[in-house]
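Colleague: Sequence:
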Amino acid sequence: MTRADAPEILNEAIPLYLGYGFLAEPEPDLTRVADHFGGEEAWRLRPSLEALISEVDHIRPKLDAQTAEANDDWVMSFIRAEFPFLDETGRGALAWFWQSRNT
2 MTRADAPEIL
12 NEAIPLYLGY
22 GFLAEPEPDL
32 TRVADHFGGE
42 EAWRLRPSLE
52 ALISEVDHIR
62 PKLDAQTAEA
72 NDDWVMSFIR
82 AEFPFLDETG
92 RGALAWFWQS
102 RNT
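Going letter by letter, the sequence shown gives residues 2 to 104 in the working numbering.
No lab work stands behind these hints, which were simulated from the structure alone.
Possibly wrong hints are sitting among the right ones.
[Unchecked claim] DEER-style ranges, computed between Cβ atoms:
1) Thr104 with Gly40: 32 to 42 Å
2) Asp65 with Arg45: 20 to 30 Å
3) Gly39 with Trp75: 33 to 43 Å
4) Glu89 with Glu56: 17 to 27 Å
5) Gly40 with Lys63: 20 to 30 Å
6) Phe86 with His37: 15 to 25 Å
7) Leu64 with Trp44: 32 to 42 Å
8) Gly39 with Leu64: 24 to 34 Å
9) Ala25 with Glu56: 15 to 25 Å
10) Gly40 with Pro62: 16 to 26 Å
11) Asp58 with Glu89: 13 to 23 Å
Note that CB positions come from ideal geometry on N, CA and C, so glycine has one too.
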């Protein structure tokens, strides 16, 4: 496992990459990750970040959910199960990304 693949690094990088907590809508940008970790580390993180985003982007809404809130809860449970190595901030950033695409 490289430093770039370490969960604690991904937990910091995912919110930066998406703009979670400081942008109104997710906007993936590797520059923010490079500004924080350095360019070389950002390039090592890039494949992991893109893979996580792609995986989340392919989650389909639960068709039998009664409300958007129920769907959001279901997605957060799914993300928690799929990515147990991420902390609440990392999972929250991924859920925020999903919600922006599916609500």
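Colleague: Determine whether the Cβ-Cβ distance between Gly40 and Pro62 falls within the hinted range of 16 to 26 Å.
Modeller: violated (37 Å)
Colleague: Taking 20 to 30 Å as the hint, is the beta-carbon distance of Asp65 and Arg45 inside that range?
Modeller: The hinted range 20 to 30 Å is violated for Asp65 and Arg45, with Cβ atoms some 40 Å apart.
Colleague: When you take the CB atoms of Gly39 and Trp75, is the distance between them in 33 to 43 Å?
Modeller: holds (37 Å)
Colleague: Indicate whether the distance between the beta carbons of Thr104 and Gly40 respects the range 32 to 42 Å.
Modeller: This hint holds: roughly 34 Å between Cβ atoms.
Colleague: Is 15 to 25 Å right for how far apart the beta carbons of Ala25 and Glu56 are?
Modeller: holds (24 Å)
Colleague: Do the beta carbons of Asp58 and Glu89 sit within 13 to 23 Å of each other?
Modeller: holds (20 Å)
Colleague: Using the Cβ atoms, figure out if Glu89 sits within 17 to 27 Å of Glu56.
Modeller: For Glu56 against Glu89, whose Cβ atoms are near 18 Å apart, the range 17 to 27 Å holds.
Colleague: How does the Cβ-Cβ distance of Gly40 and Lys63 compare with 20 to 30 Å: does it lie in that range?
Modeller: Cβ of Gly40 to Cβ of Lys63: about 39 Å, so the range 20 to 30 Å is violated.
Colleague: Given a hinted range of 15 to 25 Å, is it respected by the beta-carbon distance of Phe86 and His37?
Modeller: About 20 Å separates the Cβ atoms of Phe86 and His37, which means 15 to 25 Å holds.
Colleague: At the C-beta level, are Gly39 and Leu64 separated by a distance inside 24 to 34 Å?
Modeller: About 43 Å separates the Cβ atoms of Gly39 and Leu64, which means 24 to 34 Å is violated.
Colleague: Is the distance from the Cβ of Leu64 to the Cβ of Trp44 consistent with 32 to 42 Å?
Modeller: The hinted range 32 to 42 Å holds for Leu64 and Trp44, with Cβ atoms some 39 Å apart.
Hints 2, 5, 8, 10, counting from the list given before, are not met by this structure.
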